[in-house]
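Undergrad: Sequence:
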Amino acid sequence: MTETPTAVHYRAYLLAYDLEKEDLYDRTRTAFLTRAGVLTELALRGNIADEDGDAVLVKSDPTGDPVLDRLLAQIGNEKRSWKSWLRHDYKETLDAIEEQLVEQKLLTVQEKKVLGVVPKTHVTATDPSLAKALQEHAVEVLHSSTPVAQVGADDAALVALAAAGTVPSVVTRKESKGEYKDRIEELTDRVGEVAPGLEKALRGIRLTMIAAQGGLGFSG
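Under the working numbering, the first residue of the sequence shown carries the number 229, and numbering increases by one thereafter.
Hints are computed from structural coordinates only; laboratory data are not their basis.
Incorrect hints may appear among the rest.
[As the list claims (entries may be wrong)] Taking lysine-lysine and the DSSO-like style, the derived pairs with C-alpha atoms no more than 27 Å apart in a straight line are: (1) Lys-319 with Lys-340; (2) Lys-340 with Lys-249; (3) Lys-249 with Lys-341; (4) Lys-402 with Lys-428; (5) Lys-360 with Lys-249; (6) Lys-348 with Lys-360.
Generate the whole structure from the sequences, applying the supplied hints.
TA: Structural data, given as structure tokens:
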């Protein structure tokens, strides 16, 4: 199996990969989830922190990851809330993540046209077993009886992200509202330990997605 990416944004992308249809489960939602993943990764690394609901620069040292460094430079030049950064450049972030995954030979990307007119991006994981392993691990974290305090902050954030975007490989809407609701709440609380503003942005991510799409539904 190919080496598994460790950064939250790449792992979030692979969680959103639908193994059955061999494509992203929803491109728009994945764009938001991976954008949130970039913010989470920078917060976990200590590059950015929360200041009265805004994401502020703490360390400007380059990370070596073009996706992270691009946002790092933006945050260094402008003060915004976590929610605002979540909405900003989310589509471009998805493209940049895919570019890196293609470079790592983990993904192939094809631009197609539906009915010969509507442009559509189709992605294929070159090693589906890697996506499957990440998805199974996220499910295990969600279903486990291990106290949330003992769950790694990155794993907690990933499951919180998956639940916020109702990523079907990890959790269904019914599960998120039912038997796993309390555990999802606790896992999301762990994000708040790193950055309270980021936790708040994650909790409102569904409404943010809808607002960004003009109140419309989501496309694949």
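Undergrad: Given the hinted pair Lys-249 and Lys-341, is their alpha-carbon gap at most 27 Å?
TA: Since the Cα atoms of Lys-249 and Lys-341 sit roughly 17 Å apart, the hinted pair holds (cutoff 27 Å).
Undergrad: When you check the alpha-carbon spacing of Lys-340 and Lys-249, does it fall within 27 Å?
TA: Judged against 27 Å, a Cα distance of about 16 Å means the pair holds.
Undergrad: For the pair we were handed, Lys-360 and Lys-249, check the Cα-Cα distance against 27 Å.
TA: 13 Å, holds
Undergrad: Is it true that the CA of Lys-348 sits at most 27 Å from the CA of Lys-360?
TA: 24 Å, holds
Undergrad: For the pair supplied as a hint, Lys-402 and Lys-428, confirm whether the alpha-carbon distance does not exceed 27 Å.
TA: Within the cut-off at roughly 22 Å; holds.
Undergrad: Below or equal to 27 Å on CA atoms is what counts here, so check Lys-319 against Lys-340.
TA: Status holds; Cα separation ~17 Å.
Against the hints set out earlier in the document, no violation occurs for any number.
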